[in-house]
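K.L.:
Going down the list, the sequences are from chains A and B. Numbering of the first sequence is given in our numbering, commencing with residue 41 and proceeding in unit increments. Numbering of the second sequence is given in our numbering, commencing with residue 8 and proceeding in unit increments.
These are computed hints drawn from the structure, not numbers from a lab. Since we're looking at a predicted model, the values are computed, not measured. Incorrect hints may have been included.
What the hints assert, rightly or not - Per the computed footprint, the stretches of chain B lying under chain A, defined by three or more beta-carbons under 8 Å from a beta-carbon of chain A, are:
| hint | region |
| --- | --- |
| 1 | 21-31 |
| 2 | 112-123 |
| 3 | 146-158 |
Claimed, not checked - With a Cα cut of at most 25 Å, we get these calculated SDA-like pairs of lysine to any residue:
| hint | chain 1 | residue 1 | chain 2 | residue 2 |
| --- | --- | --- | --- | --- |
| 4 | A | Lys102 | B | Leu57 |
| 5 | B | Lys75 | B | Glu93 |
| 6 | A | Lys185 | B | Leu35 |
| 7 | B | Lys89 | A | Lys185 |
| 8 | A | Lys185 | B | Leu57 |
| 9 | B | Lys51 | B | Ala83 |
| 10 | A | Lys185 | B | Lys151 |
| 11 | A | Lys185 | A | Ala128 |
| 12 | B | Lys151 | B | Gln25 |
| 13 | B | Lys89 | A | Ala176 |
Glycine included, every Cβ here is placed at the ideal spot set by N, Cα and C.
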Amino acid sequence: MPYPVEQNDKFAAYAHPERLVSTEWLAAAIESGAVANGGLVVVESDEDVLLYETGHIPGAVKIDWHTDLNDEVTRDYVDGAAFAELAASKGISRDTTVVIYGDKSNWWAAYALWVFTLFGHEDVRLLDGGRDKWIAEGRELTREKTTPARGSYPEVERNDAPIRAFKEDVLAHFGKPLIDVRSPEEYTGQRTHMPAYPEEGALRGGHIPTAASIPWARAAAADGTYRSRDELETLYLGEAGLTEGDDVVAYCRIGERSSHTWFALKYLLGFDSVRNYDGSWTEWGNAVRVPIAKGAERGSFPVPAGV
Amino acid sequence: MTTQALPSSLAEIVDDFQALTEPERLQLLLEFSEGLPELPDRLKDHPELLEQVVECQSPLFLTVETEKDDDGSASAVRLFFKAPAEAPTTRGFAGVLHEGLDGLSAEEILSVPDDMPELLGLTRAITPLRMRGMTAMLGRIKRKVAASSAARS
Chain A
41 MPYPVEQNDK FAAYAHPERL VSTEWLAAAI ESGAVANGGL VVVESDEDVL
91 LYETGHIPGA VKIDWHTDLN DEVTRDYVDG AAFAELAASK GISRDTTVVI
141 YGDKSNWWAA YALWVFTLFG HEDVRLLDGG RDKWIAEGRE LTREKTTPAR
191 GSYPEVERND APIRAFKEDV LAHFGKPLID VRSPEEYTGQ RTHMPAYPEE
241 GALRGGHIPT AASIPWARAA AADGTYRSRD ELETLYLGEA GLTEGDDVVA
291 YCRIGERSSH TWFALKYLLG FDSVRNYDGS WTEWGNAVRV PIAKGAERGS
341 FPVPAGV
Chain B
8 MTTQALPSSL AEIVDDFQAL TEPERLQLLL EFSEGLPELP DRLKDHPELL
58 EQVVECQSPL FLTVETEKDD DGSASAVRLF FKAPAEAPTT RGFAGVLHEG
108 LDGLSAEEIL SVPDDMPELL GLTRAITPLR MRGMTAMLGR IKRKVAASSA
158 ARS
């Protein structure tokens, strides 16, 4: 059974307020027994694979972006059978309300939410502000192991097309807006990985021609919550130049940071067609003969051959 | 590569990890993360004395010092690490290297194979990307130890 949607002024301004919950709301839901009785499943998804173990929201289960959601062999997400098993083992059924939170302003939580959405999981929400806000407010953490009652989850075939772009889709997308959410240094081509992060081996530095540079974290406030609707509009409609009804593709390095932006565009600003290009720079920066722009200018899209 | 090639303190840690199942290995890494000693005050107040290992996923700073015997010859190498509590995996790697290498001689540390982190059996659970941080940490320690040995001889 879907859990009631939170009502507050900040969320009400967003296109899809049902996609966010506040820390107050979650604390009250836990207090009411909703997590203990399985009515609500809280999932923690972090960059650091051990962070959950150091203490998590009471009753929360852990999903690791890499070992749980990525296929071990192919560069792709898990299939319907593996996702069904993962969900069921975490106490999630097809109609469960799932609230996801994580470290770093929900960067990895948004990625997990995006993967849940590939499988068409209907009611999946983000905890606005994530793990850091929960901790900053002095709310309870526990190391007690969560042992959820097994859920019942059907094998659903992933439906990638509406929210996932592949390299060929991006090549066909030229002329429509692209958002590059990486750091300015990555965008200009000065470096191929995040500052202070491991080199992940892209052979070329730069960005996809015409992409606007809006680093993902600009959509987050200092406390890790999403910025207000007005602020997001200034950022994406103003600075990036998007207009209502645009078909947008966002990308980063492997699709995690751009999931955070995908969420903002899709659910907070209400763009119907937003896709996350998870191949991102680790594919584009290594692909043979795809066009690249260097420097701070967006660059122009190449005229297709034969036109 | 076998653990026989490792200093005994490090070989013991590797054996401990290898004896466990994958989830237990993560738990052990968490214990190492918690066991990482605090920096002494003289370093705490001087972050410029530590070097950042940029290959790590989270901020990790380290330095090495060489203790002198009474006759002035070098003996034990001491290792110092700093990593935030929110980065338990990185702290865990640092904890393993601290417990395995702190107090050894420069020669013993330099003899540790560069791919020693692979022996912990964490690569699948941690992912190769995250393991790279530990390999980089070991590499940085060895470079610093080699540099300070060379400077003395």
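K.L.:
Now, for every hint given, state plainly whether the structure supports it.
P.N.:
Structure-based check of all given hints:
no.	hint	result
1	21-31	violated (count 0)
2	112-123	violated (count 0)
3	146-158	violated (count 0)
4	Lys102/A / Leu57/B	violated (34 Å)
5	Lys75/B / Glu93/B	violated (35 Å)
6	Lys185/A / Leu35/B	holds (16 Å)
7	Lys89/B / Lys185/A	violated (28 Å)
8	Lys185/A / Leu57/B	violated (37 Å)
9	Lys51/B / Ala83/B	holds (21 Å)
10	Lys185/A / Lys151/B	violated (41 Å)
11	Lys185/A / Ala128/A	holds (17 Å)
12	Lys151/B / Gln25/B	violated (29 Å)
13	Lys89/B / Ala176/A	holds (22 Å)
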